[in-house]
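Enquirer: As given, the protein sequences belong to chains E and W, one line each in that order.
For the first sequence, the positions run 198 to 475 when the working numbering is used.
For the second sequence, the positions run 1495 to 1894 when the working numbering is used.
Hints listed in this document are in silico derivations from the structure and should not be mistaken for laboratory results.
Quantities reported herein were computed from a predicted structural model and do not represent experimental measurements.
Even glycine gets a Cβ: it sits at the ideal position worked out from N, Cα and C.
Just to be clear, a hint being listed does not mean it is correct.
[Said to hold, decoys possible] Restricting the straight-line Cα-Cα distance to at most 30 Å, the calculated cross-link-like pairs of lysine-lysine (BS3-like) are:
(1) Lys396/E / Lys1649/W
(2) Lys377/E / Lys1649/W
(3) Lys1531/W / Lys1578/W
(4) Lys377/E / Lys1619/W
(5) Lys1619/W / Lys390/E
(6) Lys1829/W / Lys1869/W
[Stated by the list, open to error] Selected chain E positions facing chain W (in silico; Cβ < 8 Å):
(7) Glu378
(8) Ser388
(9) Ala391
[Unchecked claim] If you want the footprint, here are the derived chain E segments under chain W, 3+ residues with CB under 8 Å:
(10) 253-261
(11) 395-401
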Amino acid sequence: MEQFKIPIGSVIEGIINFFVDHFAFLTKAFSKVTEHGIEMLVNLMMFFPPWLLILFFAALAYILTKKRGIVLFTFLGLCLIWNLGLWPPTVSTLSLVLISTLFAIAIGVPLGILAAISNIFYRIIMPILDFMQTMPAFVYLIPAIPFFGLGPVAAIFSTVIFSMPPAIRLTCLGIKQVPKELVEAADAFGSSKAQKLFKLQLPIATPTIMAGINQTIMLALSMVVIAAMIGAKGLGGEVWKAIQRLQPDKGFEAGIGIVIVAIILDRIMQQFGTKKES
Amino acid sequence: MEEKIAIENLYKIFGPHPEKAIKLLKEGQTKDQIMEKTKHGVGVADASFVVNEGEILVVMGLSGSGKSTLIRCINRLIEPTSGKVIVNGEDVTSLSPERLRMFRQHHFGMVFQNFALFPHRTVIKNVEYGLEVQNVDPNIRYERSMQALEQVGLKGWEDVYPAQLSGGMQQRVGLARALALDADIMLMDEAFSALDPLIRRDMQDELLALQESVHKTIVFISHDLDEALKLGDRIVLMKDGVIVQEGTAEEILTNPANDYVAKFVEEVDMSKVITAESVMVKPAAIASFKTDGPRAAMRKMKHAGISSIFVRHEGNLIGMVTADSVIEAIKNGEKSLESSLIKDLPTVSPDTRAIDLFQHLAELSYPLAVVDENKKLKGIIIKGTLLAALAEGRHNGGTE
Chain E
198 MEQFKIPIGS VIEGIINFFV DHFAFLTKAF SKVTEHGIEM LVNLMMFFPP
248 WLLILFFAAL AYILTKKRGI VLFTFLGLCL IWNLGLWPPT VSTLSLVLIS
298 TLFAIAIGVP LGILAAISNI FYRIIMPILD FMQTMPAFVY LIPAIPFFGL
348 GPVAAIFSTV IFSMPPAIRL TCLGIKQVPK ELVEAADAFG SSKAQKLFKL
398 QLPIATPTIM AGINQTIMLA LSMVVIAAMI GAKGLGGEVW KAIQRLQPDK
448 GFEAGIGIVI VAIILDRIMQ QFGTKKES
Chain W
1495 MEEKIAIENL YKIFGPHPEK AIKLLKEGQT KDQIMEKTKH GVGVADASFV
1545 VNEGEILVVM GLSGSGKSTL IRCINRLIEP TSGKVIVNGE DVTSLSPERL
1595 RMFRQHHFGM VFQNFALFPH RTVIKNVEYG LEVQNVDPNI RYERSMQALE
1645 QVGLKGWEDV YPAQLSGGMQ QRVGLARALA LDADIMLMDE AFSALDPLIR
1695 RDMQDELLAL QESVHKTIVF ISHDLDEALK LGDRIVLMKD GVIVQEGTAE
1745 EILTNPANDY VAKFVEEVDM SKVITAESVM VKPAAIASFK TDGPRAAMRK
1795 MKHAGISSIF VRHEGNLIGM VTADSVIEAI KNGEKSLESS LIKDLPTVSP
1845 DTRAIDLFQH LAELSYPLAV VDENKKLKGI IIKGTLLAAL AEGRHNGGTE
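All chains, full assembly: derive it from the sequences and hints.
Expert: Written out as structure tokens, the structure reads:
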């Protein structure tokens, strides 16, 4: 059976090599630019003293959610992280999550809209999404390196790929769930496709899209941690170091930091999703 | 009256090979047979009718009769399989998608059964929607929408969200949304069916009152014959995608085209539908005030076998005299009917409904006069003939 191996691996390698040979200069250039962007964002956040930034995040939580519990948790959680000496890696993790989420949304939401409008595109993209989501996350790390080099941009690339599917799926679902009668009414009044999309479908789909974005953020956070293996810094990097040096104390501390960041992001985003409905 | 919408041989078949189904239909097969043989659904089969400018045409039928499909074929929310829909002389079925969109914007206001209001927009924003799509200037848009809201009696509710309104009020918003467009045609798809009966009746009255001032051409879909009779200047009755009868309320009631229509009609409370005009009879004799004295009047009554007679002067009804009072006048040697004339007669107009006639008749010992707005005598109603007409209208006694 194994005498003739079906060359899946070598074909994929060939494809990747082809792209690396012809496009790596582009991706490398892109990598440089993005790296600067990340650096600037990190530097900006590190420029302010931690207490100011913590107050800023707590205030942001208040503005976005108006819930005392979440504000308190944000404040105390971030103070704990600061106390554990994990502030710089947390800032770098946050910037990575922020940037990859922005990319994932910028690509995912339009693709989701397209999938909702075009049946053909829907049939093409759905199996691809299934594939993307079941493929173990680590695998994405490998081709990222030749294109973007070791470091944060490769991490962002694999994070975007890994975290994009829910944004696409739920955008598509949200639009498809708009009641038929409403779409019919919009048609009856002579709306163009764009008017229908922006005046009816997107506003009504917003809570669902937000739920998708929430999932994207959570996936991005988990992937950013994994991406520490290819040189992304941040809380994931701390965990990775702790594994290599067999330091359970450091590992757990960094782990707790990740949990705190995850809870804060999740709670704030959840508010976004449900706010529209009332 | 001018033809506003003309529908010619319209078919809507659901399925991949509609031509097969149309062929079978033309061979006289029914909807069910075609479904069984070809798995094609027949929505509308060979429908042809016209809607005149400024009238309310009610398309009525039970669920599954194709009436909702038919109304959607008019503005092509559902693409007709074949046939023509001519609106203002233009064939809607041949419009390009872009032209169709423009055509919808300017000619069709639509009201839906389940309101179909946009939940994320306030009442005023819902009403403005049609104008917004047309890129009308925001100020004009607002003004016209407020006007439409006022017309449906919802002034002061503009900043509320639809979910905060009752069903009846939501449908008023739906109505205002269609009115604000200032389109010449209103398509109303079971617009009042989701409302409870009392509110439905109010809305029907309001629609009729509104129609007095806006004079739209309205195609109204309904499954309720009472509603159809009340609203429709004319009614188109559908069954299994086929038009079974078309005509005024009266025509359908008194002359059902087939058993299906007759069965429908049976359930209608005839007393609400029949008018004075349709049950009145010609008086057997009439006295003229100018030429007939008491003796002449007496002779006319005797001849016709009646005990009272209406008196006319220059074509107008001025009163009546009874046999008793005339005999009295003869005894007194009077030459005119002046002294025996009963002047303040109760009268009704030709479009008084039968149910109201009963009340009048109950108080009278003589026939009821039907007069037009000029006091001209159109006919009389005798208790016996009214009951007979109702009994006949019900087809040998309905259930009620």
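Enquirer: Sort out which numbered hints this structure fails and list those numbers smallest first.
Expert: Hints 9, 10 contradicted; others consistent.
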